[in-house]
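> In order, the protein sequence lines correspond to chains A and B.
According to the numbering used here, the residues represented by the first sequence are -4 to 247, in order.
According to the numbering used here, the residues represented by the second sequence are 581 to 896, in order.
Hints are not guaranteed to be accurate.
Derived lysine to any residue pairs resembling SDA-like cross-links, with alpha carbons at most 25 angstroms apart [to be verified]:
#1 Lys190(A) with Tyr104(A)
#2 Lys891(B) with Pro92(A)
#3 Lys139(A) with Arg798(B)
#4 Lys776(B) with Met94(A)
#5 Lys139(A) with Thr778(B)
#6 Lys105(A) with Ile690(B)
#7 Lys110(A) with Glu784(B)
#8 Lys110(A) with Leu782(B)
#9 Lys887(B) with Phe876(B)
#10 Lys105(A) with Leu782(B)
Which bits of chain A does chain B cover? Going by a derived footprint, with three or more residues having C-beta under 8 angstroms, they are [unchecked claim]:
#11 43 to 53
#12 76 to 82
#13 90 to 96
#14 101 to 107
#15 152 to 161
It should be emphasised that the hints constitute simulated quantities derived from the structure, not laboratory data.
Source: prediction; values computed, not measured.
C-beta atoms are modelled at their ideal positions from N, C-alpha and C, and glycine is treated no differently.
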Amino acid sequence: MENTIIKCENFNAWFGDNHVVKSVTMDIPKNNLTAVMGPSGCGKTTFLRCINRMHELAPDARTEGSLKLYQDEVYDIHPILLRQKIGMVFQHPNPFPNMSIYDNVVAGYKLNGIKLSKAERDDIVEDSLRKAALWMEVRDTLRKKGTFLSGGQQQRLCIARAIAMKPEVLLLDEPTSALDPVSTSSIEELLIDLKKNYTIIIVTHNMQQAARISDRTAFFYMGELAEYDHTKQMFISPKDKRTQNYITGRFS
Amino acid sequence: MQISTQKIIQQPEKRYKEKEFSAKIPFTIKRERYFRKSLVLAAIGVIILVMAFGCTLVVYSIPSFKALGIHFLYGKTWDPVNNVFGAYPFLLGTLITSFLALIISIPFSISIALFLGEYYPEGWFSNLLKNAIELIAAIPSVIYGFWGLFVLVPIVRHLEMKFGVLPYGVGILTASLILSVMIIPYAASMGREIVKMTPLRLKEAAYSLGSTRYEVIRHVVIPYAKSGLLAGILLSLGRALGETMAVTMVIGNSSLIPKNIFAPGNTMASVIANEFTEAAGSVYLSALIELGLVLFLVTAIINIAGKSIIKRFSKI
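Assemble the whole structure, with the sequences as input and the hints as a guide.
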C-alpha cells in the first residue's frame, strides 16, 4: 500500500498472561480516517494504546512483533518522543482542571518544558482551537478554566490540545461515547475535516459512527483482526462470517 | 380478625413464618434501641470530656490570669522564685522547634508521599516502607528521647564545636531534629492517600502529550494533591507543637530566650512536664496550667484548620 504511515506485522500484546491483541497485520494509510471497531473486550482499545505505547503504563504489559511508524520501529523510539508524534484523545474528556483553556491547549509544551514566546503560544492556541472548531466559542473566555466547558466542548479542547503538538497521527479512544448526540455529530464533522492534515485512528463501539466517518474499518474480534477493508466494502459485503454477524446485529 | 384467620388458613406455610418473625420482633427492636442509646451515650461522653478538659484548664488558670493578666503571654522572664511568670520564651521555643522540625521534615514526607502514592504504590518494597513509616508513629516518644540523648546530642555537640558555639549538645536544634523524625509519618501517610487519588485520566492525558514521570508529578499530581499535602503538613505541625517527652529530654530546659538555634530552651509542653511536680505556689501552678491552656488552644486551631482544608479538598 502506498502512503503507509503505520505498518503492523504479526503484532501481539499481552497483559500478564492475558493475550489481548493476537497477531495483527495491517497497514494504515496516511491522511485517512481509520475506524477500529468490535465488541467490548476485543482488544481494540489496547491495540490503539499500543500505537503510542500508552499501554506500557500497566506494569505487566508486553508486546511482540513489528509496529512501524513510517520506517521506524515504534518500540525503538523513546515513548516520550513517540507520544509527541502520536497524539491521543480519550473516552472521557480530560482537560487539566488546574489550567485555563489557553494553558490547556499549550499544556503539551508546558509539560515538556518547551519554551515558547508569547506570540508563538498565541498562534498555536488560535490555530489549534480553530482546527478543533472551538475558537469561535471560547475566544473571549480563554482565561477561564477548561472544566467550565460542556462535555462536547471539553472533548474538542482535548483534541485541540493533542493537535497543538503537531502530531503525525491522532488516536481517539471512543471519543464520543460519553457525549450527547449533538456534540457527537460536531466531533464527527471535525474529524472528517481534520484528516486533511492528520492521520486519524478512531476506536469506536458504534458501527454507525464507523460507517459515517471512516475510510477504512478494522473489525477486531477476540483480539484478532477479523477483517480490514474499505469501509463501504466492509459494510456492504463483509467477507468474514464474524463481521457479518456483528454488522447484522447478531451480537454486540 | 376474620380476614387474617382466613389468610392463615389459606396459607399454612406462611403462618409458620409469620409466627417466627413476630416472636423475634421484641428482641430485635430492644437490641436496636439499646444499641442506639449506647452509641449516643458514647458520643455525648466524648463531647463532655473535651469540654471538661477545656473548663478545667480555664478554671485552674484563673488565679494566674488574675495575678498576671495578659502580660503572661509576652513577659520575657520566667522566675518562679520571685513569682514572675512570662511565657514568651516558651511560646518562642515551641514555635521555633515546631517550624524548624516542619521545614526539616517536609522534603522527606513529601518525597515519601509521592514515592508511595505515585511511583511505587504496590510491591514488597512499598509495603516495607509503608509499615516502617507507620512504625515511626508508633514508637513511644521516650524512646526518641533516649535515642536523641545517646546519638543525636553527641553529633550536635560535635557540630557546635566546629561552629564555635557553646557545645551543649542539647538545645533547640536537637529538639527540632528529633521532632522532624517523629512527625514525618503524619504528613507522609496523609499525602500518600491524596496523591493516590489523582485521577488516572489526568495522568494519562499528560503521558499522552509526551510527559515524563517527573513532569506528570510536577504538573498534574502536585497541583491536584497540593491542598491534601498542605493539610497533612498542618496535622504534623499540630503534633510537633504538643510533643512533650522527647523534647523535654533533649531541649536543655532553659527558661531564657534562646539566642540561636544551638542554645538550650524550653517549649510550653516541656516546661509543664518539667516543673509541674515542683510547682510550690498557687500562682506558679496556675501559670503552668495557663500554659497548658494556650498550648491546647494553639493545637486545636491548627487541627481545625487542617481538617477544614481536608474537608474543602474532598468536596472537589
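> Among all the numbered hints in the text so far, which are the ones the structure does not match?
As far as the earlier hints go, not one is violated by this structure.
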